[in-house]
Structure formats: C-alpha cells, structure tokens
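Engineer: Using the sequences provided together with the hints, build the complete structure.
Chains as they are written, first to last, in the working numbering: chain Z, 1 to 855; chain B, 1001 to 1308.
No wet-lab data here; the hints were simulated from the structure. From a predicted model like this one, the values you see are computed outputs, not experimental measurements. In this text, a Cβ means the ideal position worked out from N, Cα and C, and glycines have one as well. Certain hints may be false.
Have a look at the derived ranges for each label pair, beta carbon to beta carbon [as the list claims (entries may be wrong)]: (1) B:G1187 to Z:H499: 52 to 60 angstroms; (2) Z:M648 to B:D1172: 47 to 55 angstroms; (3) B:P1207 to Z:M648: 36 to 44 angstroms.
Derived DSBU-like pairs (lysine-lysine); straight-line CA-CA distance at most 35 angstroms [claimed, not checked]: (4) B:K1216 to B:K1015; (5) B:K1071 to Z:K224; (6) Z:K362 to B:K1119; (7) Z:K469 to B:K1119.
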Amino acid sequence: MSLPGTPTTSPTPMDEDSEQTTSVNTEPKRVKVYILENNEWKDTGTGFCIGEVDESKFAYLVVSDEDSPTETLLKSKLEGNIEYQRQEETLIVWKDLGGKDIALSFEESMGCDTLCEFIVHVQRNIESNISLVTVKSSDNGLGSVHDIITGPVTLPSNDSEQNGQTLLEALKILNENTSFDFLKNETIEFILQSNYIDTLISHFHKAEEKKIPKDLFLLSNIIKTLILYNQRDILESMVEDDRIMGIVGILEYDTEYPTSKANHRKYLGSKGPNFKEVIPLENEDLKVIMKKCFRLQFLKDVVLVRFLDDHNFNLISEIVMDLETCIIDFLQVGTFLDRLIELYNTNTLPDSPSIREKFVEKRKDGIRLLQQCVQMSINLDAVDRSKFYKTLVRKGLFKVLDYAFHMETDSNARILATDTIITIIEHDILLIHNVQNEDSFKQQHKLASNVKSSLRSNPHDYSTSTDSKLLSILSTILLSDRSPGLREQVVQALNTLLHPEGCLGNGEGSYDLMGRSGYESKNTSEDFPNFGYGLNSDSTNLNNYHYNGDDMNNLEAESESEFQVMEYFANFYNKIAPILFGPLIKKATTPEMSGKIEKAKKDDLLLIHLIKLVSFVCTEHDRVLSRRFILENGILDSVSELVGGNHMLQLRLTAVRCIKNIMCLDDKYYHRYMISKNLYASVFKLFQENIDKNNLANSCIQDFFRIIITECRAYQGNHHNRREENNGTYSSNVSNVRVSANNNRTNFTILNKYLVQTYGSILKKAADIPFIQDMLEIEEENQPDHSSFENSLEGDNEVSVNISSEGFTSNHLEEIDIKNVKRLHSEIEHFENDPHYSSDQLAFKKTVDQMNAST
Amino acid sequence: MMDLDKIIASLRDGKHISEETVFRLCLSSQELLMNEGNVTHVDTPVTICGDIHGQLHDLLTLFEKSGGVEKTRYIFLGDFVDRGFYSLESFLLLLCYKLRYPDRITLIRGNHETRQITKVYGFYDEVVRKYGNSNVWRYCCEVFDYLSLGAIINNSIFCVHGGLSPDMTTVDEIRTIDRKQEVPHEGAMCDLLWSDPEDVDTWSLSPRGAGFLFGKREVDQFLEKNDVELIARAHQLVMEGYKEMFDGGLVTVWSAPNYCYRCGNVAAVLKIDDDLNREYTIFEAVQAQNEVGNAIIPTKKSQMDYFL
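Structural biologist: What follows is the structure, given as structure tokens:
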C-alpha cells in the first residue's frame, strides 16, 4: 500500500465564524482524504477534519472541503470494531464497516494528534469496541512496529464461579495482554481495582478441597504470570495479610514438578519463623511493612527462587530495599530504640526464677533484634547507614554490647553482638569513636560556657576509653572464650579495628571526620580559642604525654586525623597489645592474667589467631611502633618456639609463615634479630622432619627457601653496581635510595650466608631441591669474595651496644641474651642515625619513647 | 571421634549439620589434607570428576553411576561450591568421604574455593541463610586453603582445576608453593586454578581476568617436560560432559548436569583404568523426588525467627 502524500499548499486559517456555526468536538485540521480504489489510493480532495459527536451520541470523522466548506468530503462513523491505524506521524487509515479503505493525511502531526485523541475519547466513552493502533517503521528500517493506543481489552472472567475452562481462558488472556503496554496496563488496573486475586484464592481452596489438580496447576500458572507482570503494586497486594497464605498455597503447586508439592504454608504457619516483637511496636503501619518485607523476601528466596528472571528479582529486591529503608527510618523516630536499650540498664535481675528467665530471654532476643536491624541496614545507602549507626551508638548500643560480653553466657548471643560491631566498624571504623567524641565535645562545650577560662578539666576522655574498651573487650574475649566461631569474628573485628587504612578514614569515614572537624574548628576559633579540636586539647588521651595545645591548633584537619590515628595505635601498643599478645610474651604482664595466659599457651587454635595477628601488625602498622613492641616483648622468640614445639602442625606452619612474612619485610632490624637469636633453628628442625615428604610442611619451607633465593638473585643483579660505588660498606654519604636498596638486598645475602653456614649439613641433604642448590651455590660464589657475613657482624659488634644507656628499659635488657647475640646495632642508635628515618618519624619515635619511659 | 557414617547419612538427606560438627569436620580435614602434597600422587584405577557446584543431588547420582566411594577411587577437580543450592552439603559430604575413606578420594582446589569468589557466587549467602552467621563459611574457607592444587595419576596423568601456568612448567616447581593461602590474583597458584585451553599460539590473556589461555604448544611442552600423557581439567562447562582437545593431550571433564538448574547440559566423569584407558560415563540431572524434604525444589529457607 503506497502512502498518500500530504497537502502541499499552506491553507489560510478557517474563518472564525464558520467554526462557531458547526457544533464540533475538535478543532478543524487540514487533511487530504484518500479512498482506496482498485488497490490505488485516490485523492478525493483537501479539507478540514473534525471529530464530531451528535445529539444521539454517534461519533463521526467529518471532512469539509476547503474550497467550499459546506460540501462534505467525508463523513465516517466510528462504530463496530473498526481499527484505526495511525501510520507514522500524519496518517490515519481505517476500513469502515462497509469495507471501504479510507486514509486521512494530515498537514501537521499536531492535527493527527488531535484526531487520535478524539478516537481515544470515543473508544473510552461511546464505542468501546473500536481501537486505535500506531504503526511505525522499526529502527532498522525493516518492517514495522505496532502498538495499541486504545481499544477493547479482553479481561479474565472475575466470576466467583471459576472452573478449568475459565482459568485456562484467563491464563491465555493474561499472557496475551502482556504483548502491548496498553493491554498490560489495563489488565494491571483491573487486577488492582477488582478482587480478582481473591476470586482466584477462593477457587484455590475449593479446588484443593475437591482435589482438582488441573485447576491447581492453572491457578499456579496464573499467579506466576501475574508475577511476571513485574508490577510493584500487584506484588505488594499479593503479600497482604489476607492473601499471602493463599498465594504461597497456590504456588506450592508447580507444573514443572507435577508429582510433588512444596510446603510453604506449613513453613509460614506455626512451625516456621515467627514475627516476634521484643519491644511492642506502637506503629501499626510499621508492623505491616515489616511483615510485607519478610514475605517478599520469602517469595524471592524460597517460593519463586527458581522462577524469577533478573527483572523480577531486581524489582522485588528494590521493593524490599525501599521497605527496609523505611523500617530503619521508622525505628529511629519515637521511643522504640530507647525502650529496647532500657532492657540492659539494670544489673539486678527479677527474683522470681520464671520471670528472671523470661527477662534474660528477652535480652537475648533484643541482641538478635539489634543484629537483624544492623544486618538489614547493610543494603541501605551509605548516608542512611551512618545515620542509623550513629543513632544506635548515641542511644547506648554499648550498654547492649557490655551486657553481651560480660553477662551473657550464650555464645550465640555473643556472636551476634560481635557481628553487630563488625558490621558497624566495617562500614566506618571511626564512627563509634566520632560519636563518642561528639559527646565529649558537648560535655566540654557545656563546661566551657560555664567556666570560660579553664577548659582543661575533663578528666576522662570518653572517646579514647571507648576505643580501648572495644579493643580490650575483644582481646579479652579472644583469650577467654573458646567458641571457635566467636573467635573468628573477634579476630575479624580486631583486624578491621587495627587496620591503619581504615583508621585513616576512607570514604564515608573521611567525609564524616572532615565535616565535623570543620564544624568544631569554626566554633573553637570564635568562642574558645584554647579549646583546640576537642580530642587533642585534653592531654589524658595520651597517657602521660603532653602535647602543646598551641601546636595542635596550628595543624590542618588532615594532620589532625593523622594524629588521631597515631594516638590510637600508640594506645593500642601501650595498653591492648600486652594483653592481646600476652600468651606470646615471655613474661606474663600481670599476675591475675597469668593463669589465663598459661592456659592460652596450650591453646593451639588461639595461638594460630594470635600469630596471624602478629603477622598483620608487623606488615600493616607503622614499622617503628610495631617492631619495638614485637622485639621488646620477645614475640618472635615465641613464634620461633612454636615452629619447633610439640604443637599441631597447622600452628607450626602458621608460625613459619609469620617468620616468612617478617623476613619479606626486608627489615634489617628484624633480620638481625632473628639471626642473632637463632630463631631459624626451629624452621630447620621442622624441615628435617619433613625433608623427604611430599606434604604441606615441605612446600611451606621450600617456599621459605624460594623467597631467600629470589631476593638474593635480585641482589646479585645489583651487586656489581654496589661494589663499584659503595665498596661494600654502608656509608651514609651515599644517596639514601642507593643505600636503602643495597641494604635491603643485603639482608637476604647475609641470611643466606648465615643459613648455609649454620645449617649447611641439613641443606646439603636436600640439595636436589633446586632452590636449595642455588642457595649453596650463591654462597660458594661469594666465598672467595670475602666473608662479608663475618665482617659485617664483627664490624658492627665493635659499634657495640650499651643497651641500657640507649634507652631500653631494664625489662628489655633482661630479654636479650648478650652472650649469644651477635647484635649488629643498637636499635635506638639507628633510629637516630639512620638516614632512612625522616624527621617526622623521629618525632613520633620520641613520643613513643616518652610514653614508654612513663609506663 | 565423630560418627562419620551418621553425618554422611544426614548430609545425603540434606539435613542441617550443627555448627560445632562442621567445625570438627573441618579441623580433622585440615589435618588430613596437610599431609598431601601440592600435587598429590594417585593410583589407578581412578574416576576423575569435574565441577560439582553445590548440586548435591547430582553429586549423589555421580557416585551412584560410577561405582560409589566404597568401591571406587575418585579425584574431584574442584569447584564443589557456589551456584547450586547445596554447596555446604556437597562440600561437607566430600570432606566426610575423605575422612572416612582417605585413600579413595582426592580433592583438588578449584577457583571457587576461595573467600572472595564464594562471597559473590552463593556459598557465603547459603551459609548465612542456613546458620544465621558466617562462621561455617569461615571454617570451610580455612579448609579450602589446605586443598591440593593438583594430582598426578600413575605419574602419567596430570590433574588440575583450570590449567597450566607460564610461571611453573614442571610438577616439581609446583611443589614449592606454600598453598595455604587465599588464591592470589596472579602467579602460578592462580593460573593453575583459572587458566583455560584455547586455540592460541602461545600464552594469551584470559577473558576471565585471571589465569591464561594456553594452546597445543604449551600442552605438548608440558606433557613432554613432565613425561605425562594427559592433562585432565574441569573449569569450563561442556554441554556433552567432556571434551578432548589437542589430539587427546588434554581433556575437560564437567560433572554438574543441567548446570545452575537451567543450562541443559549433561555431565560426565572419566574413569582411568590400570592401562590408562579412558572411559567416560555420562549422566543427567536428577528429577524432582516425591518426598517433600528431598525435592530438588530448592529451599533458601531461613531457619530463624524474624524481628523485622
């Protein structure tokens, strides 16, 4: 069918009076009228088209000749089941009931729009069986795309008496109606406005009672089809109180598994999870939302798990998330959280055993409730999450945790409490810290307005004590609770809390930190010039170390956060690490801990966690700070002992890995310490035990040799250069970078030399292992060169150490077996003289020294 | 000691296993697994099995169709978990068999046996759903770290989950890896678990973002250098269950029928007899069963009360 052309000449507008004389429903629009005759479109003239409804409610499309307005070119009734096609922008084409093909070609698409609207109006109000469809050529230019604009919609029968026939028909209709948006939307409207779903549910009960499988499977398919409509309101209406059981009941039947039936109703009923209210909810809407949320998840995860496609799945997830956001919002207003936290306010329990039991159970449920809240919040927007967690902390989350960790005996409850903490600190490690800071800020603020002159009167900085409190609670749990699951979680929490990057405040945390810092400094600069940044103005933070308040006020916000981090870690090494690593410290720190520690020293599974933490702090923390702690407390000696000792192999290998990690740090102090204290002996003992075996221990130690030889080879590559420029001495005249590179490589060459010299006989037994062969060869190659190992040792020994005068505590002095130690350097001396340590590290070191001196 | 047979029976029925039992199972498994080498030696006759992916019921069929662990020796090439709805039961069942019949079953690590991957592809969620916390997942991940990286049958057939690595071209070199770690993002250990064979002239980048593509040349070199005649691996879905490549120098074995419950593929296992003859057994996915409890209709049901 060739498309007729549009009118070419621009017409003069219709006279205003002629418009008034005819009773029209639409503005006249200029068109050409075509009639199909003998397969050809015949132009029958140009005129103005109006849509007209007469007194007897008949609707017409009328075109009057533009040259003689009284003459009618076309008057076509909208009637029966005529389908009007809008082709492209400007054409309306149809076949009237008499079989005549008619086309109106509009001058402008606006005109076409107007008449299309008229047709839609007529369809809706007068002739419901006519329809209007659009036909457009598809994007690729081939073929065409049809869409229904309006027309009669076939809907399923909503008769209360249903049967196999009506259901089959309904299924067909519902499926067909998905093909066009118009039909789909009309159907959705019908589903939502009628009680169709209830009709289906009531028939379901009948069909189940009468055992009519055909109907049951049809019903199931109908519900699934409705779910595929992927429409939020339909989904939500399905999980309403009076429908949910019917819906999941219907979905128990599945044509894919015709011989089996699921038991969703039984699960949702008495046997399954119940909706529990620990604290009665005042808000009925909230209850409805909570149930809806649970049921939608149940549909998504259980009932429809195999059925949903990505679109459905995403939509349900989206709805669930909306509802969750809503729930979390709701919980924060009103007194709900306050009433919940109140449960943990008292230490006195009711006298009556039965009431007491109930109360304890209620507290346990409260912990579970909080954990679920926090779990739910994981999917929320980061900002909403922060807001919620802050609210929790402000309302007294710590009371609950205190209770869980100190009073509650059920490991599961403690696991949930730990989980709650982990979720919060993993979201923003500084959040708890910051909220507590806010409090202390407010306290001080209040104080300041009363006593403007003196601000240094806050004796207990709550923020630091909270940080320590959390770390020390976790450390104590790790050492005392034997539940393996709890330990896993506590270790994860410790790892998060002790991760320096987390503490430097990435993402949310950083934004938050900066934001609040700005707020505080603004206030302080105007009203309280001496107040500083809240945190650092109070010197109790850093034990006995006093910072100069003026200096601190000059710091940028960024260095303030750095300072916070330093303070935080200094505190960790001062107070927490001695407890946490107690079982690895040679001498028990406090008598009351010693019993526990003796026990812990025999707990291999605990020791595995602790040794992993040692690896972690050595690799991740400020080197100077962590190394000092590790070396002064003889931690590596303990680690080495565990490699050789009578322990489970998992632990012994974990200890080897710890030694490997520390070796890989390429840190000369560690290297020298381990050589001088002969800490590799146990590794070789383990190696001897496994020398001929094809097992993990053997591989673990082969890897140890591989690291050494790889590093030595890398050093050999630079070796030539080094000798030319440097003549093998560590002169501080040479540029730092060069010295650093060479020094580092030297660590491994020295280690290789040492190992070959000390354990040569064992190594030779395993010379078939390529790496060991290399180790022996490298050592032989170096032999004629000079015995640099001896040299370096002796040379440095001359520098010899007066340990106590260099600032070691007497405690430390006892730790070092001077006779056997070929101590290469005094550590303290190196901190001062070593060119690698920049001045800021030195400054920090001094801080630490002072703190150490005072403890 | 635990009553392994009882646990095995429970697992086969898809019943809940207590957290504590899982912990003890995992600990015992560690002890057993750490006595094995990175590439463990296995004797013929043996049946090689590919990816399982948490399809417990199909795993049971696998045992049924191939003789059962009481009579047959097995090597599993990894990917026990993720995708399917019974990752935990499938993995624990294999561990139990390993504990019960240590020399009948060899478990090799697949690229899904890692913390990172299982957090995304289903195992982690499954555990949280079944236990309300992730501890059991942690215990299992700890065991993953102890799994062997490969196996060698009669010094003639090299078994690995993914494929070869340009960094380590001999079995002896693979022995020098300290495998007790999360699978790294690069390096030999990663490649063994991630690489794929492909018609390429030399080592090429893998579209997976980890491991390499390797071709006939690399396979021939490896066979020659290590004096083996076949590389058996899994890692890629094969609609027919198995696929030989490079003149029979490499075979992919896939043992998860109707993968993800929708791929429509069949599964296979490969039996190697004493003369190193290869015999493939094909099997299809299990149909739903009548009893309500053991239907394949998956249940992501949460066991707990809810408060929200």
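Engineer: All the hints need checking, so say for each whether the structure fits it.
Structural biologist: Evaluated hints:
1. B:G1187 to Z:H499: 52 to 60 angstroms: violated, 24 angstroms
2. Z:M648 to B:D1172: 47 to 55 angstroms: violated, 28 angstroms
3. B:P1207 to Z:M648: 36 to 44 angstroms: holds, 42 angstroms
4. B:K1216 to B:K1015: Answer violated: K1216 (chain B) to K1015 (chain B) is near 45 angstroms, above 35 angstroms.
5. B:K1071 to Z:K224: Violated, because 46 angstroms separates the two Cα atoms, which is more than 35 angstroms.
6. Z:K362 to B:K1119: Given pair K362 (chain Z), K1119 (chain B) holds - Cα atoms ~32 angstroms apart, limit 35 angstroms.
7. Z:K469 to B:K1119: holds, 31 angstroms
Of the hints listed earlier, those the structure fails to meet are numbers 1, 2, 4, 5, in rising order.
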